[in-house]
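Please work from the sequences and hints to get the whole structure.
Protein chains: 2
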Amino acid sequence: MFEDKNSVGIVSLKYYEIKEKIKFESGVEFGPITVAYETYGKLNENGDNAILVIHALTGDAHAAGYRSENDKKPGWWDTLIGPDKAFDTNKYFVICTNILGGCSGTTGPSSINPETGKPYGITFPVFTIEDTVAVQKKLLDYLCVKSLYSVAGGSMGGMQAIQFVISYPEMVKSAIFIATTSRLSPQAIAFNAVGRNSIISDPSWNNGDYYDKDKKPDRGLSNARMIGHITYLCEEAMYNKFGRRLQDKNHYDFNFDVDFQVESYLQHQGQIFVDRFDANSYLYITKAVDYFDPVDKYGSLTNAFNASNAKFLVISFDSDWLFPSYQSKEIVSSLMHLGKDVSYCEIKSPCGHDAFLLEYDVQSKIIKSFLSDSKGADCE
Amino acid sequence: MFEDKNSVGIVSLKYYEIKEKIKFESGVEFGPITVAYETYGKLNENGDNAILVIHALTGDAHAAGYRSENDKKPGWWDTLIGPDKAFDTNKYFVICTNILGGCSGTTGPSSINPETGKPYGITFPVFTIEDTVAVQKKLLDYLCVKSLYSVAGGSMGGMQAIQFVISYPEMVKSAIFIATTSRLSPQAIAFNAVGRNSIISDPSWNNGDYYDKDKKPDRGLSNARMIGHITYLCEEAMYNKFGRRLQDKNHYDFNFDVDFQVESYLQHQGQIFVDRFDANSYLYITKAVDYFDPVDKYGSLTNAFNASNAKFLVISFDSDWLFPSYQSKEIVSSLMHLGKDVSYCEIKSPCGHDAFLLEYDVQSKIIKSFLSDSKGADCE
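Protein chains in written order, with the numbering used here: chain A, -7 to 372; chain B, -7 to 372.
Keep in mind that the hints were calculated from the coordinates and are not lab data.
Any given hint might turn out to be false.
[Stated by the list, open to error] Cβ-Cβ distance ranges computed for the label pairs, FRET-style:
no., chain 1, residue 1, chain 2, residue 2, range
1, A, Pro24, B, Pro195, 18 to 24 Å
2, A, Tyr134, B, Lys241, 53 to 59 Å
3, B, Gln263, A, Tyr231, 31 to 37 Å
4, A, His260, B, Glu(-5), 51 to 57 Å
5, B, Asp245, A, Lys65, 25 to 31 Å
6, B, Asp310, A, Tyr134, 49 to 55 Å
7, A, Asp245, B, Ser356, 38 to 44 Å
8, A, Lys34, B, Lys321, 56 to 62 Å
9, A, Glu107, B, Lys65, 52 to 58 Å
10, A, Pro161, B, Lys241, 27 to 33 Å
[To be verified] Once the Cα atoms are required to be at most 16 Å apart in a straight line, the calculated EDC-like pairs of lysine to aspartate or glutamate come out as:
no., chain 1, residue 1, chain 2, residue 2
11, A, Lys241, B, Asp288
12, B, Lys241, A, Asp288
13, A, Lys289, A, Glu122
14, A, Lys340, A, Glu351
15, A, Lys129, A, Glu12
16, B, Lys11, B, Asp201
The beta-carbon is built from N, C-alpha and C at its ideal position, and this holds for glycine as well.
Encoded structure:
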């Protein structure tokens, strides 16, 4: 059926409704919440072979496999999830959910508020990373998952993996944090803030109330995405991909159209993004990312991780300047200080933050050895 | 009168009209052009003690001194220009012009097109760094400057200083390039492109025709400036200035107002910028910056600098990631390859690109020694 014989095959999005209200970190009680999720492999009788994989900022629950026989694009972590792959679905029951506040099935600002019959818009409560993992925990309970063989995520997904260990230490046997951080640098906050400002200052944003309007805040959202993409690459990656090459021309145009390939790339990324993502979701999710700071909340990372008995794998990429290696090393230091079983791999890559979605071969090998070997990952 | 006894005192903006049309690099012939400029010190009889100092992206001709007795803010390079200062006005005749296409006196898109009686808007021709120095050369001719004792600039001003040496090698005895580059990286182009996109996608931009409208593209311009400011600082500077500290609060607001100090800083920078700068000027000037590439134009930097007999001082800052030191080193290497007299100083600073406007003490010493000592600058 598919060229990849180790594909999980055709998968479909499932939904679970959390009927009771959840108390968010802000104090707001919110519900019901529909959680969109996919699963691959089978849960064992003890309910202890589950792996929760968590998507990054604008991802979705479709982590592996295909939607149909004609579907050419597999899930976002398909390279790592499947029979005999790093997250081996012959052994593990792999679960991925769309994030709270997202726009790919899980309740978010674009969802209909049952009390008004209209989309929540910015009446949706501002939530935190802690709230997003509380929602995932509810799903795991519903699925009869007793403990997580592992919880894994990259970038913002890694933040949630960190928080899952902190919130539910008794439930997690191992955790994989990839290209992530325990708290954004002020520079990363700045980029998010300018992205949000770009959306909010688009008149079509209309205070978040645009779902039934002709114009959506596509320009603002597109611009936010362009800013994001600059931070996902790095200078070296941009030299490699584009240099100063012109786009479909040999000479400057002497106007304000696109001249350089890098401009064309960013504009394209912005344009395709607005077709798949909701501007309000972008506001909420980036705010949750900015707020994430277990160091501040628990006093220190060692306090935060103290109750965990998990083993840990931390992966960073040397050219990642959005979630730089020193931030991963801070996590590793705290875990080592606590005497936890922790493996750390800094992978050399010219791809910047995007490396976590590109450098699959090396990650696959590391994760496979980490999950199968009680001695930890082979980072050589 | 002023606390600074080495101030040039009260200065006023002067204007010179280039009546004939200038042929721009695009092929367009354009004129008349009014050049706004200031001068400090006196030109000697030989007309060879002049120093042209060139402002950065959004600067103006007011480089030194005060506008009035009550004026509290001196010109942008006042620390370096004045009697006994680095650019010693007892010895030198210092000239600074507002850039072509700017909005502080020199003809730009907000100027009235004498043929229509309306502002040029985007009918203003796209120009290059070469065109900006051609305009400055016309002013120097008018002022009877025969040769430049030095030409100096930081950031985009440095690009123009580079181009001045290339365009008029016979005229330049020394040149000072600070925190600049012979060509932007694709990452720097990307930031400019997103900034322009932010302006152009603001409905109030109205295809550049907003001068008589109630609404100007303030939101787009403000957002562009916010992006710019992220690049002028660096991660270390942001940690030092803001960290993850909240602005006037102890807890998150759980809404989309400003939470962090870094957000507040950027919003403030954006807001004050729109009062002093024209959105169309921002488009034109950043485009000229993107286009600047003497390596491409002349085949190599050695070709470009070959005809010059000037001595050179190149200064970069180790934390500057917008115009990184390696770019200055490329310039230095080319000049050394040509056997030119070149001094290079990489200054340690935690201030990022902004360092060129902050680290005055060390720059003052270096420039003073470079200008006075035929052996070059003391970079120790």
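Each hint, compared with the structure:
| no. | hint | verdict |
| --- | --- | --- |
| 1 | A:Pro24 <-> B:Pro195: 18 to 24 Å | 38 Å, violated |
| 2 | A:Tyr134 <-> B:Lys241: 53 to 59 Å | 37 Å, violated |
| 3 | B:Gln263 <-> A:Tyr231: 31 to 37 Å | 35 Å, holds |
| 4 | A:His260 <-> B:Glu(-5): 51 to 57 Å | 55 Å, holds |
| 5 | B:Asp245 <-> A:Lys65: 25 to 31 Å | 39 Å, violated |
| 6 | B:Asp310 <-> A:Tyr134: 49 to 55 Å | 54 Å, holds |
| 7 | A:Asp245 <-> B:Ser356: 38 to 44 Å | 42 Å, holds |
| 8 | A:Lys34 <-> B:Lys321: 56 to 62 Å | 59 Å, holds |
| 9 | A:Glu107 <-> B:Lys65: 52 to 58 Å | 55 Å, holds |
| 10 | A:Pro161 <-> B:Lys241: 27 to 33 Å | 30 Å, holds |
| 11 | A:Lys241 <-> B:Asp288 | 15 Å, holds |
| 12 | B:Lys241 <-> A:Asp288 | 15 Å, holds |
| 13 | A:Lys289 <-> A:Glu122 | 11 Å, holds |
| 14 | A:Lys340 <-> A:Glu351 | 10 Å, holds |
| 15 | A:Lys129 <-> A:Glu12 | 14 Å, holds |
| 16 | B:Lys11 <-> B:Asp201 | 26 Å, violated |
Checked against the numbered hints above, the structure breaks hints 1, 2, 5 and 16 and satisfies the rest.
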